[in-house]
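A.B. asks: Sequence:
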Amino acid sequence: MNSDRPPEMRSLLARLFLRMVHAYAAWARGMTLGVRAACFDAEGRVFLVRHSYVPGWHLPGGGIERHETALQALSKEMREEGNLLAGEAPRLFHVYLNRRTSKRDHVLFYVCEGVRQSAPKQPDWEIREAGFFALDRLPPDVTPATLRRLDEIAGRAQPAEFW
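If you're matching positions, the sequence shown starts at 1 in full-length UniProt numbering and goes up one per residue.
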């Protein structure tokens with residue numbers, strides 16, 4: 001049964017932590033809404049992060065707070081998780097229901113081209129590692145959802161309804 005879960009949800013501690021975060025967010029917001037982005041630099045490499053609290057490499061992103069627009073949240077998450085600066089205007093790619101997290105969590109997924117880094121991201125309590133990777137040389141433990149999103153962007157798969 002554990003192998004049916006994505007890698008980031010196989011750890012009991014990670015599942016409990018995410019449940020607590022989403023329980024608070026559902027209480028505070030009713031429905032949770034977040035942003036994630038596939039951030040590509042001028043060389044076509046994608047930016048990925050490895051968190052301290054869930055395994056695997058992920059696309060940067062996070063929750064949208066009250067009084068914050070989706071693009072403000074995206075800009076904040078890119079800055080916090082990677083010191084990233086947008087190049088071209090972010091393009092909304094698709095909206096997903098993230099039912100593995102809760103029945104009310106939606107993700108706005110953006111594609112950002114021409115992204116650059118103002119400074120290397122130093123490890124902190126949330127982000128253990130971060131960097132740009134060539135699409136043909138991704139780290140071995142990229143999450144399945146991240147791989148699916150990259151396939152969708154490349155046109156190798158139709159966008160799914162669920163994250």
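None of these hints come from the bench; they were simulated from the model.
Here the structure is a predicted model, which means the values were calculated and not measured.
Treat the hints with care, as some may be off.
What the hints assert, rightly or not - Restraint-style ranges between C-beta atoms, simulated for each label pair:
| # | residue 1 | residue 2 | range |
| --- | --- | --- | --- |
| 1 | L13 | G155 | 31 to 39 Å |
| 2 | P139 | G62 | 14 to 22 Å |
| 3 | L71 | K103 | 22 to 30 Å |
From the three backbone atoms N, C-alpha and C, an ideal C-beta is built for every residue, glycine too.
A.B. asks: Give a verdict on every hint.
C.D. replies: Tested hints:
A hinted range of 31 to 39 Å for the beta carbons of L13 and G155 is consistent with their spacing of about 37 Å. In this structure the hint that P139 and G62 lie 14 to 22 Å apart at CB holds, the actual value being about 20 Å. The supplied range of 22 to 30 Å is met by L71 and K103, whose beta-carbon atoms lie about 26 Å from each other.
Checked against the numbered hints given earlier, the structure satisfies every one of them.
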